[in-house]
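Take the sequences, apply the hints, and build the full model.
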Amino acid sequence: MIDAYRDVAPRGALEELAALAEALKGRTLHHINATPTGGGVAELLTRLVPWTDALGIPTTWEALPPNPAFFEVTKTLHNALQGADVELTAADLELYRETLRAVAPRLRLDADLVIVHDPQPAYLIDAPGVDRRRFVWRCHIDLSRPGEAAWRFLRRAVERYAMAVFHVPRFAQRLAIPQLVIPPSIDPLDAKNRELDEATITAVTDRFGIDRSRPVIVQISRFDRFKDPLGVIRAFRMVRQNFDCQLVLAGGPAVDDPEGAEVLAEVQEAAAGDPDIFVLALPPGSDLEVNALQRAATVVLQKSTREGFGLTVTEAMWKGKPVIGGAAGGIPAQIVHGVTGFLVHSPEGAAFRLRYLLTHPRAAQRMGAEAREHVRRHFLITRHVRDHLLLMLFVLHGRRDEPMRLPLATEATG
Amino acid sequence: MPAPGPFEFRRVAFLVEVTQLRASSVAQLLTGVTLAPLGSIFYHLHQRFFLEPDRLPEYPNDFAAWAHDALGDGVLAERLANLNLARSPDLGAVRREISVILAERLQQVGDGGVVAPGFEFIFCLPRMVDYPSGRSARTPAEFPELLREVEPDAVGYHLFAPRWATTARDFAAWFRAWGYGSLAQQLEAFDPYLNSLEDNRAYLLELVEVGLRQPAESRA
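For the protein sequence lines, the chains are A and B, in the order given.
Once you know that position 352 of the first sequence is 352 in our numbering, the rest is easy, because the numbers rise by one and skip nothing.
Once you know that position 81 of the second sequence is 81 in our numbering, the rest is easy, because the numbers rise by one and skip nothing.
Simulated from the structure, these hints should not be mistaken for laboratory data.
If you're wondering where the values come from, they're calculated on a predicted model, not measured in any experiment.
Idealized CB from N, CA, C, for every residue including glycine.
Take these hints with a grain of salt, some might be off.
[Stated by the list, open to error] Cβ-Cβ distance ranges computed for the label pairs, FRET-style:
hint : chain 1 : residue 1 : chain 2 : residue 2 : range
1    : B       : Val100    : A       : Arg377    : 29 to 37 Å
2    : A       : Val86     : B       : Pro37     : 32 to 40 Å
3    : B       : Val100    : A       : Thr60     : 51 to 59 Å
4    : B       : Asp54     : A       : His345    : 29 to 37 Å
5    : B       : Ser136    : A       : His345    : 45 to 53 Å
6    : A       : Ile177    : B       : Asp90     : 28 to 36 Å
This is how it looks when you write it as structure tokens:
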């Protein structure tokens, strides 16, 4: 599988992976997260696990067993950590801890490195038999302004890990453990990102009734208030005063997101009666549709007000699209303002930039080309795999003040 | 005298570690620069070269870019961009030079500007791994071709890492060991902070190819 990436990865990337993996041959890596499908983390792991495995590092992945009551609590916790004004009761927190206590004996906790993703499984660190020196907590959410009580609760668990990993430096917290930065990535060869021919793209847009002879503005994301779908509709209505264009709001459900249906209903109500707004609730596994919609887009929006990273931004950039993104979370780390797209703070800002890009198709094309190269260098899966290998090296071989030099001298490892 | 050993081109990869130091104003940046580990100073002076190897950013280091982007202080940004890194004997001296620039600016205009939340300067550290590129020059004649082939991070590693890591090897010492004293001097005088890594590669190639046309003097 690795060779298939030779034409898309940056020069030297595959050789780099081989050199780093050589120092980790035979070591084991295990991932634990909340859900096997839906949402960015499950998507990332679906692609990352085979990669490290193929490099000679036996890699496994387990998701927590589905439990609606537990996910109600973790969704509230998730929202509170991203700054929403919601409250967790003592009973909620006890249900959360008790669920993880019950689940822990069924999970594999003995790999050389265990990466625990996001708040849902974070308290597994308290499970009996855990070697904390080999557990890393990986945060995928926007922790730049967490609710105080929620963060206090989570921090008690996080500080017992060997390290914490965030998408961008701004999400790092005051913690007594080392905090590293690993941005997420996309897989250029998966169904969501691989090249598509025009006939396939048109077949998908025709199925939804989208007219490709007019500009298409697309936002792909779960129906979540932090993605600001209603703000997107407002921006679109401002733009439509000058341009005959269409808006596509498309997203799928995640099993750990009980709010999704409620937000979808709000969006459908806001769009009701407007034939140029397409609200598409895509079923799980709609990767081809997402790929085609992004490729059919004239401009892609990701107008989030909070965002862990916003991989849909990277996906669209890889397809050569200029992206207008909310200046939130990890989006500023992806969009180079004025070079690969624009960062905005309001529906008015989104409308202004949309009007510019729809008026200047050549500038839009240039930005799209810059965007693709930016993704190639920084946000492809090959870079992400490299970062996981580096993380393993640092966890297994301790802290160095100077660069770690490979091949490693024979030594006892911690 | 035996021939010097081969020059092994090494590549480098790093993860970013976030420290607890943050700055929202010039005064806080001065405090941070004073307290930050030298590895952090190294990181903020060099990471942009590795980030975009074929493009020299408007401001070559993070301190200057932050002064411009977050503080909106163009004068401070230009002074920090104009640091003479190639002439500074070590990172400690660079730290002092940055501190003097920040202290002078504070004296001139006070500590007026405080950036909005989310735009603070966050001091980071590189967690670095260097590893063989698979390319080693056994003789000076082999060097240019390999320099042409190596990835840009290897060029950056040999140009910049010797300022921080004692194990990193620079180009000049190797050519001096082969008896190319004047080429070594030119390589030492070369200022890599004014170019992108790809432009640096091109300049180095030119220097080396011209330098190798002269006969070697005597081996060190």
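Cross-check of the supplied hints:
1. B/Val100 <-> A/Arg377: 29 to 37 Å: Given range 29 to 37 Å: holds, Cβ gap about 35 Å.
2. A/Val86 <-> B/Pro37: 32 to 40 Å: 39 Å, holds
3. B/Val100 <-> A/Thr60: 51 to 59 Å: 54 Å, holds
4. B/Asp54 <-> A/His345: 29 to 37 Å: 31 Å, holds
5. B/Ser136 <-> A/His345: 45 to 53 Å: At roughly 52 Å between Cβ atoms, A/His345 and B/Ser136 fall inside 45 to 53 Å, so the hint holds.
6. A/Ile177 <-> B/Asp90: 28 to 36 Å: Distance hint for A/Ile177, B/Asp90 holds at roughly 31 Å.
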